[in-house]
Amino acid sequence: MQPNLVKAAPWLVVAAMFLLWELICLGFDIPEFLLPAPSAVWKVGVEQFEPIMMHATQTFLTTLAGFAIAVVVGLLIGMAVGSSPLLYRAMYPLLVGFNSIPKVAFVPVLVVWFGIGTVPAILTAFLISFFPVVVNVATGLATLEPELEDVLRSLGASRLDILGKVGLPRAMPYFFASLKVAITLAFVGSVIAETVASNLGIGYLMMSASSSMNMPLVFAGLIVIGVMGVVMYELFALVEKRMTGWAHRNPNGAA
Amino acid sequence: MSFVKFENVDLAYAPGGALAIEDVSLDVREGEFVAVVGPSGCGKSTLMKLISGLRMPSGGYVYVDGRQVGGPLKIVGMAFQNANLLPWRTTLDNVMLPLEIVEPYRSTLKKERSRYEAEARQLLARVGLAGFEDKFPWELSGGMQQRASICRALIHQPRLLMLDEPFGALDAFTREELWCMLRDLWQLQPFTVILVTHDLREAVFLADTVYVMSKRPGRILVRREIELPRPRDLDVTYTDAFAGYVHELREHIGRVRAT
Ligand SMILES: Nc1ncnc2c1ncn2[C@@H]1O[C@H](COP(=O)(O)OP(=O)(O)OP(=O)(O)O)[C@@H](O)[C@H]1O
Ligand SMILES: [Mg+2]
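If you read the protein sequences in the order shown, they are chains Y and C. Under the numbering used here, the first residue of the first sequence is numbered 1, with each subsequent residue one higher. Under the numbering used here, the first residue of the second sequence is numbered 256, with each subsequent residue one higher.
Derived from the structure by calculation, the hints contain no laboratory data. Backbone N, C-alpha and C define an ideal beta-carbon position, used for all residues, glycine too. Be a bit skeptical, because a hint or two may be false.
Claimed, not checked - Far from chain Y, some chain C residues (derived; all Cβ distances over 10 Å):
1) 268
2) 269
3) 311
4) 337
5) 433
6) 434
7) 435
8) 514
To be verified - 16 Å max Cα-Cα, derived EDC-like pairs, lysine to aspartate or glutamate:
9) C:366 to C:355
10) Y:165 to C:265
11) C:329 to Y:234
12) C:304 to Y:161
13) C:304 to Y:234
14) C:365 to C:389
15) C:470 to C:278
16) C:304 to C:420
17) Y:165 to C:355
18) Y:7 to Y:234
19) C:329 to C:355
20) C:390 to C:367
21) Y:7 to Y:22
22) C:470 to C:506
23) C:365 to C:355
24) C:470 to C:287
25) C:329 to Y:145
26) Y:165 to Y:147
Could you build all of it, start to finish, from the sequences and the hints given here?
Here you go:
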């Protein structure tokens, strides 16, 4: 297959989707308050560029803050759970149960505790995105080959030695893989919270636009979220490749 | 004066459960090369764990170097059927891993890094891995990985080397090459070796003493000294004396499996 085609393929698909969308809107003469055509969305995007950017920045920073907390907390819990079979058994049901609660259900609770604004959005982003980090770090640590552990223990290595020399490096590919998932989830969390409990951010922008039937602006918001998600995902995919080239058996990308 | 001594050792993995090995007594001199053979599941790996202090006996006593074993020993090196090299470290860094853990190397590693590195390179060269020091494990063949794994087991100059089927996954030619590599390393600077193997020719070629274990629960059935002259060359494996030893051991194993 041609490498150029492989590179261009994602762009072509996106372009085709917008084209198809435009054609459907034109061809079936769909009213703008139901489904605005991409051209209409684009127009609004240009007209309202500044407010959109302002809200997008808010959402972006909120997401990053929630994501950062999720990474730190997720790493700590993952390390604790992954390196102690007892904690693993003890904590797992709780974590799984917690993870199956829709995080939007927490938002009202957070609003009562912290009021309307940025804090509930940060916390929702955190709550929704820390679980994959925990699971992946714990899995990476818990699947250490017993023979390797024997080699190290027979040298007199402490648990901390084993964690530092083998456990954590081994868990890194799992960790970086989880970051890709976590960052996109964090966007979901912050936007959900903004739609219900904020007067800033893309979520709020979309909510207020939809209540005034400004559908092109709603779709502009959706697209902005999508773009931010893809960019951050790609960024972390790149970081993953850089940091853990050895796990992909790629001599060129080796750390 | 024995270096490794078992006195009527029993081990059950679950307290009060079935015994994995039963009433094992043995004596290993310092510098002796011992091979342990026996049917699968008879407790050979368990024996290794007892010697290295990774498991405590349920009954009896284990002594190493005159002291009762009460926890992981620091004078052993280990290698297994899987090389278990760390894929994010180069071959050289893999070999040097024990130096980051065992004293006195651990605390002097920063200062003396270049000296230790030179020693590691020398060791790698001795097993035929010169030029591969800076490659990653996945860039090495299985046999090369196993050589590196044995270097890792030896870098901190352990007095006791424990090998659990280290050549089991290799083809016949590579295996014989590695026999000679191990023989040379051992002859150059004798250390005590305990080698678990399924290969009777391997046991007879390398060992001073071969122990045959019974089916589970594992007991020592036979202790056989191999009185072939050293240094042994691969040619020795075609002699009648060699074949005699292999046949004799095979008969013992056959009897074990028949019961
Ligand atoms: N961690 C463990 N927990 C419980 N039982 C174990 C454990 N490890 C080994 N056993 C049991 O102890 C017995 C001896 O096992 P061991 O691994 O020592 O056998 P082996 O002689 O090394 O076998 P093989 O030649 O297949 O490697 C087996 O019956 C096995 O089921
Ligand atoms: Mg075994």
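Evaluation of the provided hints:
In this structure residue 268 of chain C is separated from chain Y by more than 10 Å, as the shortest Cβ-Cβ distance comes to about 13 Å. Its beta-carbon lying about 16 Å from the closest one in chain Y, residue 269 of chain C satisfies the requirement of being farther than 10 Å from that chain. Non-interface status of residue 311 of chain C relative to chain Y is upheld: no Cβ of that chain comes within 10 Å, the nearest being about 13 Å off. The claim that residue 337 of chain C lies off the interface is violated: its Cβ sits roughly 6 Å from the closest Cβ of chain Y, which falls inside the 10 Å cut-off.
Distance check on residue 433 of chain C: its Cβ is at least 18 Å (rounded) from any Cβ of chain Y, clearing the 10 Å threshold; non-interface status holds. At roughly 22 Å, the least C-beta separation between residue 434 of chain C and chain Y is larger than 10 Å, which holds for a residue marked as non-interface. Interface exclusion of residue 435 of chain C from chain Y stands, the closest Cβ pair being 24 Å apart, more than 10 Å. With a least CB separation of 30 Å from chain Y, residue 514 of chain C remains clear of the 10 Å interface cut-off, as annotated.
Between residue 366 of chain C and residue 355 of chain C, the direct Cα distance comes to roughly 12 Å. Compliance with the 16 Å bound is thereby established for this hinted pair. Under the criterion of a C-alpha separation no larger than 16 Å, the hint pairing residue 165 of chain Y with residue 265 of chain C is inconsistent with the structure, at around 34 Å. Taken as a hint, the residue 329 of chain C and residue 234 of chain Y pair is broken in the structure, with Cα atoms around 46 Å apart against an allowance of 16 Å. The hinted pair formed by residue 304 of chain C and residue 161 of chain Y fails the criterion: a straight-line CA distance of about 20 Å is larger than 16 Å.
Pair hint residue 304 of chain C plus residue 234 of chain Y does not hold up; C-alpha atoms about 46 Å apart against a cutoff of 16 Å. For the given pair, residue 365 of chain C sits about 19 Å from residue 389 of chain C by alpha-carbon distance, which is inconsistent with the 16 Å threshold. Restraint check for residue 470 of chain C and residue 278 of chain C: the C-alpha separation of about 13 Å stays at or below 16 Å, so the hint holds. Restraint check for residue 304 of chain C and residue 420 of chain C: the C-alpha separation of about 14 Å stays at or below 16 Å, so the hint holds.
This hinted pair checks out: residue 165 of chain Y and residue 355 of chain C have alpha carbons roughly 9 Å apart, not beyond 16 Å. About 14 Å separates the Cα atoms of residue 7 of chain Y and residue 234 of chain Y, which keeps this hinted pair within 16 Å; it holds. Annotation: proposed proximity of residue 329 of chain C to residue 355 of chain C holds, straight-line Cα distance about 13 Å (limit 16 Å). Pair hint residue 390 of chain C plus residue 367 of chain C does not hold up; C-alpha atoms about 23 Å apart against a cutoff of 16 Å.
Of the supplied pair hints, the one linking residue 7 of chain Y and residue 22 of chain Y is violated, its CA atoms being roughly 24 Å apart against a limit of 16 Å. This hinted pair checks out: residue 470 of chain C and residue 506 of chain C have alpha carbons roughly 15 Å apart, not beyond 16 Å. Taking the CA atoms of residue 365 of chain C and residue 355 of chain C, the gap is near 10 Å; set against the 16 Å cutoff, the hint holds. A distance of roughly 25 Å separates the Cα atoms of residue 470 of chain C and residue 287 of chain C; the hinted pair therefore is violated under the 16 Å criterion.
Taking the CA atoms of residue 329 of chain C and residue 145 of chain Y, the gap is near 20 Å; set against the 16 Å cutoff, the hint is violated. This hinted pair checks out: residue 165 of chain Y and residue 147 of chain Y have alpha carbons roughly 15 Å apart, not beyond 16 Å.
Checked against the numbered hints given earlier, this structure breaks hints 4, 10, 11, 12, 13, 14, 20, 21, 24, 25; the rest are met.
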